[in-house]
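Assemble the whole structure, with the sequences as input and the hints as a guide.
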Amino acid sequence: MNPYYELPQDEAGYSFGFLDEYAKREVRRNILKAICIPGYQTPYASREMPMGRGFGTGGLQLTLSLVGRSDTLKVIDQGSDDSVNAVNLRHFIELTCPGVDTTERTQEATLIQSRHRIPERRLTSAQILVLQVPYPDPLVVVEPSEARRKIMHGEGDYSRLLTKLYEDIVRFDEITISHRYPTRINGHYVLDPSPIPRFDIPKLNQSPALILFGAGREKKIYAVPPYTNAEPLAFDDIAFRTEDFTDEQGLRRSCHRCGATDSFLDEFTSNDGVRIYQCSDSDYCNQRLSTQHSAANEASR
Amino acid sequence: MKIEPICKPQSAVWEPAVQQKAFRQLMNAFAFPGSLETLLPEVQERENNLLRLILATLTDGAVTVADPHHMIDDHDWSKLETNRETPEKARFIVARGDTAPIFSPALGSLECPEMGATVILNVTYIGRGEALVMRGPGIQSEKVIACSGLTPAWLNKRSEWNGAFPLGVDMILFDTARVIAIPRTTRIKIKEGQSWDM
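Line order of the protein sequences matches chains P and U.
With the numbering used here, the residue at position 262 of the first sequence is 262, and numbering never jumps.
With the numbering used here, the residue at position 24 of the second sequence is 24, and numbering never jumps.
If you're looking for bench data, these hints aren't it; they were derived computationally from the structure.
Predicted, not measured: the structure shown is a model, and the values here were computed from it.
Glycine included, C-beta positions come from ideal geometry on N, C-alpha and C.
Be a bit skeptical, because a hint or two may be false.
DEER-style ranges, computed between Cβ atoms [as the list claims (entries may be wrong)]: (1) U:Leu-36 with P:Asp-262: 51 to 57 Å; (2) U:Ile-190 with P:Gln-292: 51 to 57 Å; (3) P:Phe-172 with U:Pro-68: 42 to 48 Å; (4) U:Pro-152 with P:Phe-172: 41 to 47 Å; (5) P:Arg-257 with U:Ile-190: 53 to 59 Å; (6) P:Ala-295 with U:Glu-15: 32 to 38 Å.
Each computed DSSO-like pair below joins lysine-lysine, with the alpha-carbon atoms no more than 30 Å apart [what the hints assert, rightly or not]: (7) U:Lys-189 with U:Lys-79; (8) U:Lys-157 with U:Lys-143; (9) P:Lys-219 with P:Lys-164; (10) U:Lys-189 with U:Lys-157; (11) U:Lys-143 with P:Lys-203; (12) U:Lys-191 with U:Lys-157; (13) P:Lys-219 with U:Lys-89; (14) U:Lys-89 with U:Lys-157; (15) U:Lys-143 with U:Lys-191; (16) U:Lys-21 with P:Lys-203; (17) U:Lys-143 with P:Lys-219.
Quick look at the structure:
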């Protein structure tokens, strides 16, 4: 987004939350149906937003339809509050939703819009997580026709998707899906959980918070209601496994800043060619660091 | 130049900020089936206002509403700008909970289960009366909620309509101030042991 962009001066031209009330009402109706049919991709008329499709317009439309003046919003991109997508979306919501507070602290937020990560800190039932989705349909890799995919979803027929996973195991001894891992919700629909790593898939299962997914370009809304089963597709003899952060000695790698051994780690190469690992969730890392600093200050007194 | 509205809205129900709050409460009701939501006190000044708020929040010209028991007055019909439809075809059905349904609502199709109707039922009192035991998505183990003024015929019909997931109907129950929602995935038993599974 252009940093000098300003909304037109005439305030009558834009309502709170940028979208008009008819657009919000349509999104809201579809959110309710998405909650009632867990994992089903509810079609909706995705609006043009003043940013490119693929930059989180689906998540943004959900957020703008949900948000009110009593909300505190957090926007994350790949775990970070400071990366360009998160900064732009947060700035846009601040411009169009006067009175809405924003925060970086997960526990303070009532509404969290995220791209590619679910926060490390366990969400509560008072929070809502909105995930931005590029490709909502996990069956697209095995069936090009949407009409046929809709029937397959309705019948709960995922045999071809399971065949694809099986072929992966035959060829590579491993299911090669690193993110967007197909996950079955409440024993029926299989959804694309957006490009979250496998590490975050278990957080969908029996989550206390409502999780909403918005695909702007593909015009779909779907949901994982709170306290709902979410099972990654797997086989009886080959279990689902998350990313492995153990080093050559078999020890769990830790974050080089805060020392966390329970978080999802990003890998960097330092200037002298050494691999370093750091928490992907920057708020989790910062909060751990500040707790450590205050504990160290207490001890030194 | 600022344009003054021709007439001031008579009720807060029609204000976007009020509808936003009402929607969040309705969404909470659907996300946590059986959990009681007390809708905004500022709009409870008139009888039937809760129904008006629910309809104003959820319906407009893009959907259809059926009113077999004539619960929506003419003034509200004109304010809602929605379309009347028979209960068999409507997306939203407003009905009395103490009267057995004599229609079959739309259940959606295998490809488009979201076309299943939302039934908005007026009951006498939520929080007192016959205890309903609920299980399903959105409920950690089970949820017990009392409700009076809901004839068992509704629950029997509901279990019939919701027999083949993903097809089915979703329900909103309301009294003068409170709302609960029952998505099609919720399984309901009456406390005495008689079951209306799904």
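Status of the hints after comparison with the structure:
no.	hint	verdict
1	U:Leu-36 with P:Asp-262: 51 to 57 Å	36 Å, violated
2	U:Ile-190 with P:Gln-292: 51 to 57 Å	54 Å, holds
3	P:Phe-172 with U:Pro-68: 42 to 48 Å	59 Å, violated
4	U:Pro-152 with P:Phe-172: 41 to 47 Å	56 Å, violated
5	P:Arg-257 with U:Ile-190: 53 to 59 Å	56 Å, holds
6	P:Ala-295 with U:Glu-15: 32 to 38 Å	49 Å, violated
7	U:Lys-189 with U:Lys-79	38 Å, violated
8	U:Lys-157 with U:Lys-143	21 Å, holds
9	P:Lys-219 with P:Lys-164	26 Å, holds
10	U:Lys-189 with U:Lys-157	14 Å, holds
11	U:Lys-143 with P:Lys-203	23 Å, holds
12	U:Lys-191 with U:Lys-157	18 Å, holds
13	P:Lys-219 with U:Lys-89	25 Å, holds
14	U:Lys-89 with U:Lys-157	17 Å, holds
15	U:Lys-143 with U:Lys-191	11 Å, holds
16	U:Lys-21 with P:Lys-203	28 Å, holds
17	U:Lys-143 with P:Lys-219	34 Å, violated
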